[in-house]
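Residue numbers (our numbering), protein chains in the order written: chain P, 1 to 565; chain A, 1 to 362.
Simulated from the structure, these hints should not be mistaken for lab results. A hint or two may mislead.
DSS-like mimics (lysine-lysine), calculated; alpha carbons at most 27 Å apart, straight line [unchecked claim]: (1) Lys23(P) with Lys160(A); (2) Lys558(P) with Lys99(A); (3) Lys96(A) with Lys558(P).
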Amino acid sequence: MKKNKNNGIENKTLLESGGLDLKKMMKLGEPFIWLAGAGTAVMMFMILFIVSLLLFEGAVTFWPKKISQVYMKDGAVYAGYVSDREVYREQDSQGKILNETPRIQLMAGNRDITGEDFIWIDLPEVEKIMYPKDVMLLERREWGKMVAWPVGFRCPKREFAVGDSDFKKQLKKYLSEGSKRYRVMRSLEKGVISNLSYKINRLQKKIKYLEKRQVVDFKNRTKRNDLEIELSSQLVLFEKARAQLRELRDQDSKFILIMRTQDGDEAEMTFTHVVRALWPNQMNIFGKVSTYFSRLKEFVFEEPRESNTAGGVFPALFGTVMMTLIMTLAVVPFGVLAALYLKEYAKQGPLVSAIRIAVNNLAGVPSIVFGMFGLAFFVYRVGGSIDKLFFPDSLPTPVFGTGGILWASLTLALLTLPVVVVATEEALSFVPKGIKEGSLACGASKWQTVWNVILPSAAPGILTGVILAMSRGAGEVAPLMITGVVKLAPDLPLDGFFPFFHLERKFMHLGFHIYDVGFQSPNVEAAMPMVYASTALLLLVVAGLNFSAIVLRNRLRKKLSGSSF
Amino acid sequence: VVVDVLGNLRHLFIHNPYPEVSFSTLFNKIWYEGYSEPEYIWQSSAATEEAEPKKSLTPLILGTVKGAVFAMIFAIPLALLGAIYTSQFMSVRLRKIVKPAIEFMAALPSVILGFLGALFFAPLLEKHLFVILISVISIPCFAILTLLAWRSVPKEITRKLPHEADVTILVLGLLAGFMICVWLGPVAEKIIFGDFKYWLSNVLNITYDPRNSLVVGFVMGFAVIPIIFTICEDSLNSVPKHLVTASLSCGATQWQTAVRVVLPVALSGIYSAIMIGFGRAIGETMIVLMATGNTPIMDFNPLKGFRALSANIAVEIPEAPIGESLYRVLFLSGLILFSITFVVNTLAELIRLRLRRKFSAL
């Protein structure tokens, strides 16, 4: 900026005369300028701090930590990894501090045995801390983590004990076999059996529908017979798959892993029960990195376990993306057409400026009010009517008359409409007048000009608006809470069954996942790392969208300034 | 049963299916069963069957206003100072970093901010209340101190340093000041108060909630800062350049130009920025839902929580049966929210239009 340079020179001439001249400083307003600078600096600090805090906490979540064995002076021994440290203040009933003790929090796991995941340990009471080599950290499908020593394991043919020469090798082999078995069982259960039960359900519904019609003619009866034959064959398949699963489970229950905890309790579990088994104190850096990435992969691509406090966030991520896409599909045509009309076709007058004010106003309406509108209008009115017209069989259980991904997306589309309209209008006003007039002068009609000339050259700007709307929509939670987000959805809104997109289904959302796990889960402490990780993921999604919008905008600016108009 | 003028007995049917909802139950003090005096109470679902639902919107409206006011107290100075500095005194190179960074703040989902407020800042504030308060107060002082120190350095040295050195010095000075607060704060606390929170509760009789309005003010302030900042900065920047150059060439310093020429011209833009920010703070849902205790109380103590209209809707509407009085009262509160923001935003928009006309006239 030119101004600034001028000021630099001026500053110097004014300050030439001497060192600390308060009068001149006041005249230059320097204290105030520095105050303003301090304000800016504080803002920048806060942004940096928040973003780096989230990214850091999210990133360290998956790093395996050393397991320490803490020997207390009174003879008690605890094992676990350090998850937090603080200075504890003991206070009397009026809040007066009696004494302060530094303490650490151990994540000791074994919730099924001790009832608590975490232990606070006062550091002055500690005698020594050891790092035993052979301690294991098991991530289990239920009951959270386990910190324990292996004792041995039983297979149908032979038994292994911890003293055996190749014990660790064998244990690793059986663990990987166990996870293979788990995958087979899971695909049978989630794939084959749920497919079959879905089909059976549909057939039963069809039969019921035919029965209700009460027109007993020949066609109807043969149709019913066909359906019933198919149903019985499906039922046979279903039973067969169930039997197979039972057999697999029986077989699996013969492979038993025995662990001993710090307190000497022995715990038995099947190998399929173990998600991941680690020897954290023996790991080198490569082992740690590979564990880190395996945990990261699980986080992004797997389903949550244990009421969302462990495992992955895939359904939530998927729900967020799908909802944002549906929202975009809904908002873009409306937004762009509205802006086109306002900018190119409408006669500029009090009505149009009133509409503009209304659109800007829409941007300021609280999101929860949009949510209420969505609930009352989309869910209860529109959804209720659709149910009455098209799904009278399933009433009183609502199909569309309850929150779902379609209604949530439409609500958010309303919410983000002003973003698209404003950005499109701006992009349209950036289009050089010369192009437009040139096209009109060549004999193109107004629509041809708009479609072939104006829209293409405004496209990057419109796209920027769309991406900004997407980032706003992806981060919004409040309206979703009342129009169709749930903490745990049984099925994704997209699957292999006709009609593939199940727009009436409830869905999971990253933002709501954060709220739910962080505030409503029974074991908040154990869930905190997951919450930080989800927060970092959401931040990355939103930041990525924004960043691409900024890049697009800059390219658009460059392109326009480069043109000769 | 009533007796009419002629002395006949008559039945009069009073049809009032929703006895618990009227203007006075929603907005005035009501003397409920089991309470010693008339009060404003929101308690939509009672613990026992017989207890009547208490639906006073007054504490909720007060809570909404309280949260927004604290957010604005935190946000306005920072955003305004930032906008003035960024538009008037900052070098182009720095501005290219600072402006997008603050605009990125606007894209931070409020659920992230709410989560941070409730589970990170609230425990932090609870532990280090005094240090944080003291550093908020002393940071401006440190800015001035840094300036004095910088100016007392002989000119021969400062001239050799690059032009942007003062920014670095300022940042370093602030950091040092913050460090000093962190180190000396606990010591000062021990000497003066013993324990600050103990002193608060016993001497001043102020109770402390972990999730309180200060936390909300800070976090929600963070959410509205970018809105205020962007609009302010834009309107400061779009002040016609010939006014600025005229003022500078008449011999006014840059500070004098900024305060006496640029600021008055852009003032209505700043008003509208503040109003839009206020509207946003009124309607913010996730932050107040997560970072307050959600207790509907009537007071202005910054160390206590509150319950806002928006959070109330989010919590209660999924369970409210359609068409019943709770559902309708919640929609009424939605209407109140809508009308507040509608009025505020329309005013702001009108002001902005006037500003634009003024600029084009200049």
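We went through each hint and held it up to the structure:
Distance check on the hinted pair: Lys23(P) and Lys160(A) sit about 25 Å apart at the alpha-carbon level, within 27 Å; holds. Between Lys558(P) and Lys99(A), the direct Cα distance comes to roughly 18 Å. Compliance with the 27 Å bound is thereby established for this hinted pair. With a C-alpha separation of about 15 Å, the suggested pairing of Lys96(A) with Lys558(P) holds against the 27 Å cut-off.
The structure agrees with every numbered hint stated previously.
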